[in-house]
Amino acid sequence: MQFQILWGGYARCVSGGTHPTNSEAAPTRPTAAVSLTLPILDVSGELDLAVAPWLRDQLDALFVGGATSLVVDMSSVTFLDSTALGVLVGALNQCRERGGQVHLVLTEPQVLRVLRITGLAEAFTLHQSRDELKGGRMEP
Amino acid sequence: VKAFTYDDLRTSEREVIEISLPGSVDLVVIARFTAATVGARAGFDLDEIDDLRLAVDELSVSFGPLDGDTCLRYEFIRDAGSVSVRCTREPAPSEEAPTSGGQRDEAVQTERNLEYWEHARELSAVLLDELVDSHGREISDGRSVAWLTKHRLTGEG
Chain S
12 MQFQILWGGY
22 ARCVSGGTHP
32 TNSEAAPTRP
42 TAAVSLTLPI
52 LDVSGELDLA
62 VAPWLRDQLD
72 ALFVGGATSL
82 VVDMSSVTFL
92 DSTALGVLVG
102 ALNQCRERGG
112 QVHLVLTEPQ
122 VLRVLRITGL
132 AEAFTLHQSR
142 DELKGGRMEP
Chain H
2 VKAFTYDDLR
12 TSEREVIEIS
22 LPGSVDLVVI
32 ARFTAATVGA
42 RAGFDLDEID
52 DLRLAVDELS
62 VSFGPLDGDT
72 CLRYEFIRDA
82 GSVSVRCTRE
92 PAPSEEAPTS
102 GGQRDEAVQT
112 ERNLEYWEHA
122 RELSAVLLDE
132 LVDSHGREIS
142 DGRSVAWLTK
152 HRLTGEG
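These protein sequence lines are chains S and H, in that order.
Each residue of the first sequence is one higher than the last, beginning at 12 in the working numbering.
Each residue of the second sequence is one higher than the last, beginning at 2 in the working numbering.
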């Protein structure tokens, strides 16, 4: 499943070979993520209450596709509020129910600060880059 | 969107800026932008400005789902090295009442998401505890008000 949608915060979702393909939303560009076996949701911009419902829809689509673990690449996210974080927590709960995990790629200190304040930094598996994911530190 | 700066309340140490936004999640970004500007004028450093932006966003979240029947009025008060924000949820002026299907759809969508909003409000309260010096909710003139105050911790601005 691969798709790209633009929004105030925007996202591009790229999955590995274990999930169905949506032929109507063909990939528009290659990324390093295609080498991974977990679905990746690539989000950018400000994740706030305007974007949170859309973010949840994107994550729900991954679960419908059979995902048990997933990666949310937030390395280009500059703002995260409680509504978007709540969506990520919902995804985390779904993954855990399926024996999986949510991996977050984070670089913005303010975004990491939100996770730490809410005590959720330990709940997710955090990575500083996609290279770190490819280095074998990601467990499905 | 309406914005006012009260010239009679503006001095080098103090100014009051008020903005009023239709109850749409798409417009809360304007409140964040205003917060950043007021924070900069109060001498906040970049981290403090980021915290104030997020805190103002969380004030908006504290009201739960927004719809076209309401508007949010933000009052930003810069007083020396502190910023206070009062956000009041009030009925939309009649001429701004929703007329389009899109706005009704938004309301339906947010009703469907009530549980998720409740969870967000819990996280929001935790964030506000850390981001600002004081915050709270109250009823004023029959309207729901969320407020916060944040003081500058760094050197003179």
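Treat each hint with caution, since some may be false.
To be verified - Derived CB-CB ranges, DEER-like:
#, chain 1, residue 1, chain 2, residue 2, range
1, S, Thr-118, H, Arg-138, 45 to 53 Å
2, H, Asp-27, S, Gly-130, 28 to 36 Å
3, H, Asp-130, S, Glu-143, 27 to 35 Å
Since the hints were derived computationally from the structure, they do not count as laboratory data.
Note that the Cβ used here is the ideal one computed from N, Cα and C, for glycine as well.
To see whether the hints hold, each was checked on the structure:
1. A hinted range of 45 to 53 Å is violated for the C-beta pair S/Thr-118 and H/Arg-138, which are about 34 Å apart.
2. Between H/Asp-27 and S/Gly-130 the beta carbons are some 30 Å apart, a value that agrees with the proposed interval 28 to 36 Å.
3. Checked against the hint of 27 to 35 Å, the pair H/Asp-130 and S/Glu-143 passes, with Cβ atoms roughly 32 Å apart.
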